[in-house]
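J.: FYI, in the working numbering the residues of the sequence shown are 7 to 116.
Treat the hints with care, as some may be off.
[Claimed, not checked] Subject to a maximum C-alpha distance of 25 angstroms in a straight line, what follows is the list of computed DSS-like cross-link-like pairs (lysine-lysine):
hint	residue 1	residue 2
1	K54	K65
2	K114	K78
3	K114	K65
4	K51	K114
5	K78	K65
6	K114	K54
These are computed hints drawn from the structure, not numbers from a lab.
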Amino acid sequence: MFISNAYAQTAGAADASLMGNLSTFVPLILMFVVMYFLMIRPQQKRAKEQKAMMDALAKGDEVVTAGGILGKVSKVTDAYVTIEVATGTEIVVQKPSITTLLPKGTLKGL
7 MFISNAYAQT AGAADASLMG NLSTFVPLIL MFVVMYFLMI RPQQKRAKEQ KAMMDALAKG
67 DEVVTAGGIL GKVSKVTDAY VTIEVATGTE IVVQKPSITT LLPKGTLKGL
């Protein structure tokens with residue numbers, strides 16, 4: 007009288023609860039896919055472009071360092087680059103500190 011009867015669930019109801027559990031993970035999966043395309047993939051692409059630019063550095067290229075120094079490459083080694091910032095003035099920087107490769111003749115226009 008005070009307690010209601012408890013009946014066992016049918017097999018169809020068990021499948022519905024399984025689909026309910028899977029549907030709770032769909033937003034998490036969608037969030038990971040969006041994060042991959044908006045954050046991870048562009049960062050990997052930029053890193054690949056930066057590595058290709060560092061490998062292609064040659065004498066005579068005009069570059070910008072991370073500190074904002076503009077100059078012309080006068081010597082390239084495995085880990086370091088010598089940059090001529092003024093006539094007779096050269097500095098040695100690490101390769102990863104070079105951020106931008108400028109078009110030829112940019113420094114003459116400044």
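J.: Are the hints correct? Go through all of them and say.
T.: A quick look at each hint next to the structure:
no.	hint	in the structure
1	K54 <-> K65	22 angstroms, holds
2	K114 <-> K78	11 angstroms, holds
3	K114 <-> K65	17 angstroms, holds
4	K51 <-> K114	31 angstroms, violated
5	K78 <-> K65	8 angstroms, holds
6	K114 <-> K54	30 angstroms, violated
Checked against the numbered hints given earlier, the structure breaks hints 4, 6 and satisfies all the rest.
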